[in-house]
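Chain residues, written in single-letter form:
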Amino acid sequence: MSDLLVTRRKWLLGASALVLAGCDTARPSRGLLGAMERWNGRAQRWLFDPDRLAPAPPPDEDTPPDDFPVYFVSDRLPIAPVGWRLRVGGLVARPALLSLDDLQGMPRTELRVRHYCVEGWSAVASWHGVRLRDLAAAVGADSRAGYVEFRSFDNGYWSSWDRPSAFHAQTILAYGMNGAPLPPDHGAPLRVYSAVKLGYKMVKYLTEVNFLPTPTGGYWEDRGYEWFAGV
Amino acid sequence: MAYPSLGSRGRPYAWYPFHGHAPPGWLTVGGWLAGARHVHFALAWLLLGNALLYASYLLATGEWRRRLFLLRRDTGPALLMMAHYLRLGPAPAQQGLYNGLQRLAYASALGLGAVEVLSGLAIYKPLQLRRLAWLLGGCDFARAIHLVGLALIAAFTVTHLILVALHPKTLRDMISGGKENV
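Residue numbers (this note's numbering), protein chains in the order written: chain G, 148 to 378; chain R, 528 to 709.
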């Protein structure tokens, strides 16, 4: 009986110490929180099915266009520089500098799926653009490129994705929203849009797409948000 | 605690009454949303692991018979016990480890834990776990379930702590496992 008592007490003390030592959220890569965060990332990769498609929400669930939340990190609305081009690089056979016309000449994909924000709200709009997997095929992305990095002219906002999510059939580089050209509020001229990630992974105001062999971070990811962020 | 918040464009987005008011610092965990989420998911996975261990223990040892609320066995005694607490009748005889009302309370708390895990998974992966989210009325409804369940668990915990404070010797039995005679 007393053995049991000591064991339980020791366990409780040990567990409390472990929790306290791991509670440094400024550096979530370390301690108990870091270990649990790595586990959480693995669980998300395991739960992710690359062939599962998000359904289109019923028509009445469209968010009124002016109410679709607008978000950027610059002090004022980022406006595309004159002569904007998308630079596509990394492990690709044919690095490219693509104009909006070049992108609009590629197969067009429509996407109307629910958008989930890490803050808890969701919204619905329709988007059109080029599937990232189609762009990858066009530039000859190497199979060793397990990650895709997106960079922007929004004060250095960026993110990086795992290849299966980036190559999902519902991940596009969108140049249009609700049937019209993409407005500056929502990332003109080109943004990432996807059914399989939280909003902060969908970089707006794109300047670069890089196919990389190793994962990199991201604007919010480097500040503490989780990296995988799948839905 | 994590509070959703939006920018100022368009109509104010305030679907809960405390929108825009920061909670007092002593009530928050993790410093900001990302930190709170790390703490939340770390504890959520530990809670799930602990629940799986506990469920296997209940099943493997047959303890579920003594501890869980069984409709046929415990409904009557639970009602009698409630009547007794309301000064409406005598105390029913003790039946094993817990009385019927205790079994109802403890089993409900375990059930709420299961509700929290399921609704939490639905919010966590509304696409990958689409059917679960659909069963729970969609992602937004699952979030409401998740928060109401949390409130009920908090209410259970407060009640539980008050009762322990009123009967301090039960605390010793809870930690040590108590006498093995019942």
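Just so you know, not all the hints are guaranteed correct.
Said to hold, decoys possible - Here's a subset of chain R near chain G, in silico, CB distances under 8 Å, partners left out:
hint, residue
1, His548
2, Gly552
3, Arg658
4, Ala671
Said to hold, decoys possible - Just a sample of chain R residues kept apart from chain G, beta carbon distances all over 10 Å, derived:
hint, residue
5, Phe568
6, Ala582
7, Ala620
8, Leu631
9, Ala634
10, Leu654
11, Arg657
12, Ile672
Simulated from the structure, these hints should not be mistaken for laboratory data.
Beta carbons are placed, not taken as given, at the ideal position from N, Cα and C, and that holds for glycine.
To see whether the hints hold, each was checked on the structure:
no., hint, result
1, His548, "violated (16 Å)"
2, Gly552, "violated (14 Å)"
3, Arg658, "violated (11 Å)"
4, Ala671, "violated (11 Å)"
5, Phe568, "violated (5 Å)"
6, Ala582, "holds (19 Å)"
7, Ala620, "holds (27 Å)"
8, Leu631, "holds (26 Å)"
9, Ala634, "holds (23 Å)"
10, Leu654, "violated (5 Å)"
11, Arg657, "violated (8 Å)"
12, Ile672, "holds (14 Å)"
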